[in-house]
Amino acid sequence: MVTEVALTVDLAVIILSATLAGFVAKRTGQPTIIAYILAGVVIGPAALEIVETSALTELLSELGLAFLLFLLGIKMRLDEVRHVLSPIVKISIPQMLAVFLAGMGVALALPPFGLLESFLIGLAVMYSSTAVVIKMLNDKDEATSLHGKIDVGVLLVQDIVVVIILAVLAAGRPDDLAEVATTLAVVLVLVAIITVAAIGASRSVLPTVFRRIADNKDVFFLVAISWAFLFVFVSDNINLFLEPFGITAYLSIEMGAFMAGLAIAQLPYSKELQDRVNPLTDLFVMVFFVSVALDLEAAELLAHWEAAIIAALVLMPVKFLVFFFLLDWQGFDSETTFLGSINMIQVSEFGIIVMAVAADGDFVGDEVLGFMTLLAIFTMAVSVYFVEFNHALYDRFEPTIDRWTGDGGFEGGKHEYRDHAVVIGYDDVTKNVLPLLADRYEDVVVVDRTVSHIETVEQEGYDAIYGDFRNSTIRKDAAVKKADFVLSSSVQPVVNNALLREVNDDATVFVEAERVDHARDLYANGAHCVIMTPHLAADRLADYLRAYLEDEDDALVEAFDNDIELLEKPDPIPSDRDRLGGGLDD
Amino acid sequence: MTDLLTAVAIIFLVAGPFLLVANRFDLPTVPFLVLAGIVAGGFIDDTDLLLELAYYGIALLVFTFGTRIDLSGVRAVLADGELAALGQILVVGSLGVGFGIVLGVPPMEAVYLGIAAALSSTIVGTALLERTVNSDPVRGRLVRSIQFVQDLLAILFILLLGAGSLEVGYVGPALASGVALLLAALLANRYLFDIIGQLAGDSDELMILGVVALLTVFVGAAEFAGVPIVVGAFAAGLAVRYDPVDYLGLFNGLQSIRDFFVAIFFVTIGALVVFPFVGDIGWAESVEKLVLVAGLVVLTAVVKPAITTAILVARGYEARSATLASLHTDQVSEFALIIAIQAYMLDAVSPAIFDAIILAAAITMVTSSLTHRYDEQIYRTLADRGVITGRHDRVDAWSDVPADLTDHVIIVGYGRQGRTLVEACEEMDHPYVVIENDPARREEIARECEAIVVGDAMETYTWEKANVDDAKLVVSTVNSQPVSRRVLSLDTDAEVTLRAADRATALELLDAGALYVGQPDLLAGQQLARQVRELLEGDLTREQLREQQQDELERRADYIPLHLR
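Protein sequence lines, in the order shown, are assigned to chains A and B.
Heads up, the first sequence is in this note's numbering, so the first residue is 1 and it goes up one at a time.
Heads up, the second sequence is in this note's numbering, so the first residue is 1 and it goes up one at a time.
The set of hints was computed from the structure by calculation and includes no laboratory data.
Virtual Cβ for every residue (Gly too), placed ideally from N, Cα, C.
Be aware that one or more of the hints could be misleading.
[Stated by the list, open to error] Chain A is nowhere near these chain B residues, computed Cβ spacing over 12 angstroms in every case:
#	residue
1	Gly282
2	Glu443
3	Asp469
4	Ser489
[Claimed, not checked] For each label pair, taking beta carbons as the anchor points, the in silico distance ranges come out as:
#	chain 1	residue 1	chain 2	residue 2	range
5	B	Leu382	A	Glu458	44 to 54 angstroms
6	B	Val179	A	Lys217	34 to 44 angstroms
7	B	Ala284	A	Ile193	15 to 25 angstroms
8	B	Tyr374	A	Leu566	32 to 42 angstroms
9	A	Pro207	B	Glu448	53 to 63 angstroms
10	A	Arg520	B	Asp347	35 to 45 angstroms
The task is simple: from the sequences and hints, build the whole structure.
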């Protein structure tokens, strides 16, 4: 009777099996999602029957979905996608229509499915996998390339459509078409309201609130989560709120989470938050993917395995061709067109989610969910290899591809950092160097975790990134790998060693250290100059003392005057005391 | 949406505004999360499910505490620490138990009161500590070692009290299991952790998952062995090698996961509390609870720091260092909360005791952050009224000042700057005296310096001892406003140079009459700008700079001050 609350064995088994499967997947180059789903199949009722879903796993997988959408929302900075917005919309809408028709057609042609089932299958296969594509793009460092941005943009449009479709499906089985139309209308109105609320908040309340808490790491993170749960809670209970008005409607919690994220995305602090939310999302989404198969008997999963393989073999080429012609039509060059298309040939995990919700609402039977799961697993697995070798494929087939594509006329894309200067931390030590660097480098990027510093830096005309340099998104954003000059005013060996590991060999690196042994390490790791503020100060003070004791008054007075003059120069940084002593409102 | 998700949503919805308030007034978050829980408790019917989530919070809290322990550094902390101060645990703990028994609490339950009174916080404490540790190494060293040993003791208490009582039949096997888990953790740290690292490759996601799996295995093992999961979680933390450079993503990720579940833990704890005079609780019960809370608060916030101060003063620390360090122990520890909830689950304590511990913890965490904010004032007030008196005999015994010292330089603080200044004086054969407040370093300084006063620069006696009346110059290398002000207020003809952390302070101090104020950042900024300019203009290649700097480093490397080693 030692611990009354025993931790669930189920969750432990899920974590252990997912870890093992994840390690195997890593070795064999498969995406982790597939490993998680397969782990679920193995430990679930389909095979070993050692785990059933419990309240806790259900909670975590629900949180997984909500956080995945929240994270996606946080990444959606409107001004970063604006310049490819028009081609993206022109690609994604026809693409979804075409793939929907193809999916529905294939399903109809296959014996097991009726009209409603085929319709829903069509709806479920329209999307490409956010998880697979974004993960692969990140791994290959192509997320900010032109084809990467197109893919990400299209995925986001698809995700919005998913969210709407999930909302409609969540309302349950309708009696007739009119009811579908009403539901859709109510959902669209609600989505519109919640969007307006989110965007409105991101313009009014949120900047003030987050500006105040941004410097406090823990509060910042927890308040952001609280904000997400506000939207989740309202979306989930929207029916209770609307009941007095005689309206029945449902919103998915995913929708709420996405909108909560979208509102935060427009704030300058969103990048920092991405890295904080990401690990939680990974963990919860893992539970989600493992538990996808936990509800499926082997019979259901494999009921239509032939159909799943046929559908996969048809849909992958269809998806590729649809994307290929749409991208070409939008005037992208042949390489972008090819790469952007080959990345997107799989069926998304959202397909499984759509089908899972549909199965919950009694639209379809569990064996259709099994079919969809199998289809997604299969296409994702295959597509990973296409993404992995996309450049090799392009080189191999370039002449053929060129014959089919028009002249690429699309220009644009966001400015990318290259051979620039990165300064980590804005303080009395580093600020003198900024003008020098600005003379030499086209771009000088300052990374800092204090809001007031960022504001000062931006006023002075440098690029500023708000966030902790320890976070990988921040490092990627500052393009540390491509920098020619890096200066870090952090004295933490952790930060500086991570920095030295990431910079390329040609970069000049200045870092700070407080201790001699840290400095030695840093030199050994390739630093060119380690600034040791306390030592410098000690040497200088000793010099002054010598001058004082030898009565070299003139030299001393001159040196003092120089130092004092430096001290008296107008201070662009509000001192810490001012910041703490009130004035948090400004 | 499940009921559980609704409950979690409510937890965070309520916690949000409370966190904003905490942030607005710069107060610690933990008590506000507990308060949020007291409010949220009204909306949540079924706390059983939440308790399971809260347990993950506990496991992760203890686990991340374990991961941050650098095994190779443990011995250094223990050797460096002032273990005598731990006598405080014994004294305050006994007082807590006695207090309980006087109130008629059964002895076993009184033990829990004693533990709650004796242990101080880590999360709250370390967060507050980070602000002072740089400016006051003595205090930092004292507090860190006191709290660290307390945390280890807390784990031991949790292990021993795992059955809710101290039955011999439980304690023996439990200790054996605990030792076995720790050994397994050491082995895992040495061998298994690298394998996980290799298997995960460059994927943070898999690395985090692998480490969470490791946690799961240890917690499972603890459960299997019949000891509290907290012990398993702690062992799992030790099994993770603290290497934030190689595994940056891992430690960042664990932090997020921990913060999420720990928030749930603290709010849930609050939700379990029955507030006095609110709802269906009787008058007598409310009063009893309030008396318990008040007693715990007094023991923790007044008696504990007083006893710690007394012990430290007896060990020879200056009254000021001792008081300021002791003010870091004036709260109830998060570990006490974990011990309390464990006892509550086992029905080993009555709800009244449980509530009292939680409320006292919330109250003292807030008061503690306030006492830290005003610690210098508190010390001044107490010292001026003669409540705390320094012991000059120690200062006399440890100091070594030639009687005929005149026209000398007084160097305050024997850190890097102090040491360099001493060298300069010796080189020029000019008389000097060093003032240093860390008694642990007195032998080292006495060995290296001609004259030394071991005492606090805030105390008048220290300055008398250093014969400030006949001094030529006072150089303070201490980065502390109160010390700087104190030096300026000395009634002496000697000139004064000081040190400041930022520009505004430096200018203020110059205005107030300092001959010179050093601000290290400014010097570093100047030098950096010069080097960068030379580099960009091609006067110097990167390799030349590197060589030059490395030579410079080795020249300085002969000396590392003890507290930075």
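Beta-carbon spacing of Val179 of chain B to Lys217 of chain A - inside the hinted bounds 34 to 44 angstroms or not: 36 angstroms, holds
Cβ-Cβ distance between Leu382 of chain B and Glu458 of chain A: within 44 to 54 angstroms? 47 angstroms, holds
Looking at Asp469 of chain B again, its CB stays over 12 angstroms from all of chain A? About 19 angstroms separates Asp469 of chain B from the closest Cβ of chain A, which puts it past 12 angstroms; holds.
Regarding the assertion that Ser489 of chain B does not contact chain A, is the least Cβ-Cβ distance greater than 12 angstroms? 20 angstroms, holds
Would you check whether the claim that Gly282 of chain B is not at the interface survives, using Cβ distances to chain A and the 12 angstroms cut-off? Since the minimum Cβ distance to chain A is about 27 angstroms, Gly282 of chain B lies beyond 12 angstroms and the statement holds.
Using the beta carbons of Arg520 of chain A and Asp347 of chain B, state whether their distance is inside 35 to 45 angstroms or not. At 57 angstroms between Cβs, range violated.
Against the range 53 to 63 angstroms, how does the distance between the Cβ atoms of Pro207 of chain A and Glu448 of chain B compare: consistent or not? Given a distance of about 55 angstroms, which is inside 53 to 63 angstroms, the answer is holds.
Does the claim that Glu443 of chain B lies outside the interface with chain A hold up, using a Cβ gap greater than 12 angstroms? Non-interface label on Glu443 of chain B holds, nearest chain A Cβ at 22 angstroms vs cutoff 12 angstroms.
May I ask you to test the hint 32 to 42 angstroms on the CB atoms belonging to Tyr374 of chain B and Leu566 of chain A? Holds - the Cβ-Cβ distance for Tyr374 of chain B and Leu566 of chain A, about 34 angstroms, lies within 32 to 42 angstroms.
Regarding Ala284 of chain B and Ile193 of chain A, is the given constraint of 15 to 25 angstroms on their beta-carbon distance met? 52 angstroms, violated
When each numbered hint is compared with the structure, violations occur for hints 7, 10.
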